[in-house]
Amino acid sequence: MKAITVYLLRFALAATVLTIIFRYFLSQGIDAGSTITVILSAVLYFIGMFILGWYFGKKDGNYLPFYDVGFRFHLTTYIIYNLISELWFILEFNSHYENFFTIHRTVFIWGGFLLIHFIFFLWARKRTINNLNKRDLFE
Amino acid sequence: MKIEKKLQELLSSWEETYKKGQLTLWIFLSLQEGRKYVDEIKDFVEEKSNGTITCEEQSLYRALRKYEHVDIMSYELRKGNKGPERKYYYLTDLGQELFNLFIKRNIYLFYSDEIRTLLKF
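These protein sequence lines are chains A and C, in that order.
Quick note on the numbering used here: the first sequence kicks off at 1 and runs consecutively.
Quick note on the numbering used here: the second sequence kicks off at 140 and runs consecutively.
Here chain A stands alone, though its shape is the one from the complex (with noise of 0.2 angstroms):
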């Protein structure tokens, strides 16, 4: 599939890595009941994904420019995000005091985000030719 470039895929295995470190971080935090540690591993997972999300989407739009208002890196995002942490409540990896109703309700909710903006995306999209801006097509 065209949509899936090379920037996207590396975007996906540097945002894999980071989301299991944070993982990691939070689960720990929480077991030892810091504080601390529970919020700067998610402000900092937070600057990492939105550097991630900065630098891999400059790369992707310098080397195709798809109009897709963010889309596929959101939902790559949300796909490796969730998908990580389902994985990590099977494997058992995750705190005591976490349970898996909150993974899902973060499914649930930030999947009506991603909705609203999908839809953004189907609106953009009839301004393009083929996810290319009709605008910025031609040179």
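Heads up, a few of these hints could be off.
[Claimed, not checked] Selected chain C positions facing chain A (Cβ under 8 angstroms, derived; list incomplete):
id : residue
1  : 160
2  : 204
3  : 205
Since the hints were made in silico from the structure, they are not lab data.
Computed from a predicted model, the values in this text were never measured in an experiment.
Where is the CB? At the ideal position from N, CA and C, for every residue including glycine.
Once you have looked at the hints, place chain C on chain A.
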């Protein structure tokens, strides 16, 4: 001298606007001669436009990728004299039809007697 400087500035400003959108035409024109790889396209564009159109290799690659993505251009891999295989680009049937229609609607205008008289050539 002041007028000449102003004239040059106005000309540059106009050309800057005019050139936007010209690269595609020149790339497509270059491929009317036959299949070409990136360096050959670049040389054609710069030489035949008398240097008025210059293109960075990176922007040329980006443009080619976009045309390829919307199925108006494709390439075949051929062995170069030395080194790795090269991508030789060509217009697909859709691309050629697009080029023909564009020329008919936008370039042939300049060949009508009326416009030629106004252009004084």
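Worksheet item: Is the interface hint for residue 204/C satisfied, with its Cβ closer than 8 angstroms to some Cβ of chain A?
Response: At about 5 angstroms, which falls below the 8 angstroms cut-off, the nearest Cβ of chain A leaves the hint on residue 204/C intact, so it holds.
Worksheet item: Per the CB criterion, is residue 205/C less than 8 angstroms away from chain A?
Response: Interface hint status for residue 205/C: holds (6 angstroms vs cutoff 8 angstroms).
Worksheet item: Can residue 160/C be said to touch chain A, with a Cβ gap under 8 angstroms?
Response: 6 angstroms, holds
Checked against the numbered hints given earlier, this structure breaks none of them.
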